[in-house]
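Colleague: Each chain, written out:
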Amino acid sequence: MKIKNIFTYCLISSLFLFSLICIWKILVTLQGIELTNFNFNKLFTFGIILCVINLLIGKKFNLNIKITTLALLFSIFDYFISINLPIWYSFGIFLISLFFFNNIKNYDKNFLSKNHSSQKLFFNFLTLFGITLFSFVILFPFYMMLVTSFKTQALLLLNPLDFSINFAQGLPELFKSYFIVFKDYNFGRYMLTSTIVSLGTVIITLIFAIPAAYAVARLNFFGKNFLSTSILIIYLFPAIVLVIPLYTIFSQLGLRNSIEGLLIVYTATTLPVAIYMLQGYFKSIPKELEEAGIIDGQNWLGIIFKIILPLSLPAISSVALYVFMIAWNEFLFSLMFLDRPNTFTLSRAIQFLNVGAETPRQYLMAGSVVVTLPILIIFVYFEKYLVSGLTAGSVKG
Amino acid sequence: MSSKLAKIEKRTAYLLILPSVFLVFSIILFPIFSNIWISFKNVELKDLRIPEPRAKKLVKSINDNPTQIKVIYKLRNSSLTQEITNVKFKDKYPDNLEPTNLDNRCQFKSNLLMCKLGNWPKKYRENLEIVFQNTNNQEISKKEIKSYKPKLSGKSQNILLTYEFTLNNFKKVIKDKAFIDLLSTTFYYTFFGTIGAIVFGILAAQMVNQKFFGRTFMRSVLLFPYVAPVVALAYTWELLLDPTSGTLNNLLINYQIIEGPINLLGQKYVTLNILGFDFKLRLALTTVIIFEIWRYFPLAFLFILARLQAVPKELYEAADVDGANPIQKFLNITLPQILAVISILFMIRFIWNFNKFEDIFLLTGGASGTRTLPINVYQQGFSIGDIGMGSAVSIVIVAFLLIFMFIYFKLLGKRADEN
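Chains as they are written, first to last, in my numbering: chain A, 156 to 552; chain B, 14 to 432.
Some hints could be false.
[What the hints assert, rightly or not] Taking CB as the label site, the calculated pair distances span:
1) B:Gly426 <-> A:Asn258: 45 to 51 angstroms
2) A:Val207 <-> B:Ala191: 41 to 47 angstroms
3) A:Lys338 <-> B:Lys281: 39 to 45 angstroms
4) A:Gly409 <-> B:Asn99: 19 to 25 angstroms
5) B:Cys119 <-> A:Gly409: 26 to 32 angstroms
6) B:Tyr27 <-> A:Pro515: 29 to 35 angstroms
[Said to hold, decoys possible] Listed below are the simulated DSSO-like cross-link pairs for lysine-lysine, each with C-alpha atoms no more than 27 angstroms apart in a straight line:
7) B:Lys103 <-> B:Lys164
8) B:Lys69 <-> B:Lys20
9) A:Lys269 <-> B:Lys326
10) B:Lys224 <-> A:Lys264
11) A:Lys438 <-> B:Lys423
Honestly, the hints are just simulated from the structure, not real lab data.
We put the beta carbon where it would ideally sit given N, CA and C, even for glycine.
Kindly generate the complete structure, drawing on both the sequences and the hints.
Modeller: Below you can see the structure in the form of structure tokens.
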């Protein structure tokens, strides 16, 4: 057994335990519980001691008993150095330390005397640590968005760290911000507009893109190669360079403040990627099927409708979902083209809320939840399709 | 026979692609070219409104005489900058009315009042008064007269379609003292945003590539920032980072890590003391870059994970037999395998970050040293209202973009050759 390995082991594991505890403490603080110290010195030292004990015991006892005892020891220690905390806080500490000791239960003297064990250890912890930290960092803003929408401005000013949800006040009171956002701020209408615009974009894009993609994938014509490379190049042009000319043209044609104008722009900007994704899939469909169709006397339209479409449903759904997501989330064009509240999309409406007179933050966050939730639900539910859409079309973002 | 088939095929192909090509051409390519046109013109936001002849109709009864009525048209040119030529006027009246004092520019025929009002210079105003008499000597209903609205038409020059050009916009863009600063901010933001996203993407992909409980869930969670609407995320971050009531500052103060609140999005510079040296860090820009990384590393993660899962397991097994340690395995097996993906990712992300508008706009609005080129397009065009300047900045962006694309496709071509 090398001293260096033991040293790394103790240091890394105790640090990891401490970071887990920190995350837990932050979450507890946000429930409005007064907690002003991470107790780094005490917890870190005690963590090291427990890690050494864990190492010394090794596999001599039943492992389950070992981890439970160590976790209990740690939580009791934490309970005594922190004062006046609710019991669920300590229970959380217990669960976290259980998880931690469960992860290090297999380390003993033998393991540490192997080659590269300190590096392996380091990477194991990096993975664990990474997963916890990444999930925390990613989910934290979403969590804050949600809990803020359940609070009131006055309560938040009183204690900006108290995000505890008071279920005792009853559901109507709890969801008050949502009622207000829908009733006073007209979010029902904006949501309808957003849905119409997004679904419309999906339908029109598909109507345009499927024939074009089929032609690019299958038919021979002059300028085909040029077309397929230009699709990619056009796709790389950003919205910001289109905004001024489109604004001037749309102002003069009177297309601003209209859903039609928005639909045209969204369709045009998503078309290249839709064609690009679809033609890649169409190419993978065996040509023999179409040849059989031609022998059966089908024309091109028949081939597209009866052979290509049914076979490429997965690709079409991923394109549809991807286009829906782009249209739903789109912000720049809706900011430019819409300035009358009766034509706002959700994104534009939230921006309007923020820029306009002092809107209480819980309404802003309730609006944000309203715009975010549908897309996250769709994403989680259709993850398989959307991920393939994202990978194929993710040159843009 | 075969040539006939080929002809039909060709015709069908053109028919199928034509709608898409037309749409993309008119909404994407045409605007890019018209950017060039606009950038050589002196156009402001207020010029975009086409000058219109307008008339406000006032109906006044004349004292003691209910059979007569006075109609006043308040005529004006809506434009403060342009003239309208050949203005024509038309209004309808109820039956049995006769004008008593008709202006010589006007005619009254079968209940229709028609006037040829000639040319109106900019800011033109005139009151046109006409007194009407009922031919049957009956009382005139004011309401009925008011219910008709006058119609006006006129020709005006569209400033966008004239042949007057100027180089002033480009001169202003390049001579602007802030231009160098603008470029360096843009590149700083683009470069670090891209690198950061890729580094975190590699880390995340490495983690998720191992087996652990809840792996699929973890993969979805990692993609959340990328799929959620930017408006919602940016405002949530703004609330989190707010100096007075933001959660982050309050947490840090609560745990005594900092003494006073830090305005992460509103402070341009912060001086850091590292090992006795003072470093000036662009704080707001760094925060915006961190948001950028947070939002776009999922994309890098997705690409790299897909590539990692295709790396043959045998390579790692062979390395284990050779006694390689984890770092060696990463450097000698994983990294070379994902290098191609990384280089393509870098180029694509670089191009996209270079053009990123929404994120910075929503977080800081381009204040406190976060003004990049795309933000400048918006500010010139819509905050200042100088459309020509905005277009000129767009052209600068397009020029850079073409250079990046050239490099990108060279790189892509080289890769294709190697394979």
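Colleague: It remains to establish, for every hint, whether it holds in the given structure.
Modeller: Here is how each hint holds up against the structure:
no., hint, result
1, B:Gly426 <-> A:Asn258: 45 to 51 angstroms, "48 angstroms, holds"
2, A:Val207 <-> B:Ala191: 41 to 47 angstroms, "59 angstroms, violated"
3, A:Lys338 <-> B:Lys281: 39 to 45 angstroms, "41 angstroms, holds"
4, A:Gly409 <-> B:Asn99: 19 to 25 angstroms, "22 angstroms, holds"
5, B:Cys119 <-> A:Gly409: 26 to 32 angstroms, "30 angstroms, holds"
6, B:Tyr27 <-> A:Pro515: 29 to 35 angstroms, "57 angstroms, violated"
7, B:Lys103 <-> B:Lys164, "5 angstroms, holds"
8, B:Lys69 <-> B:Lys20, "62 angstroms, violated"
9, A:Lys269 <-> B:Lys326, "23 angstroms, holds"
10, B:Lys224 <-> A:Lys264, "25 angstroms, holds"
11, A:Lys438 <-> B:Lys423, "25 angstroms, holds"
When the structure is compared with the earlier hints, violations turn up for hints 2, 6, 8 and for no others.
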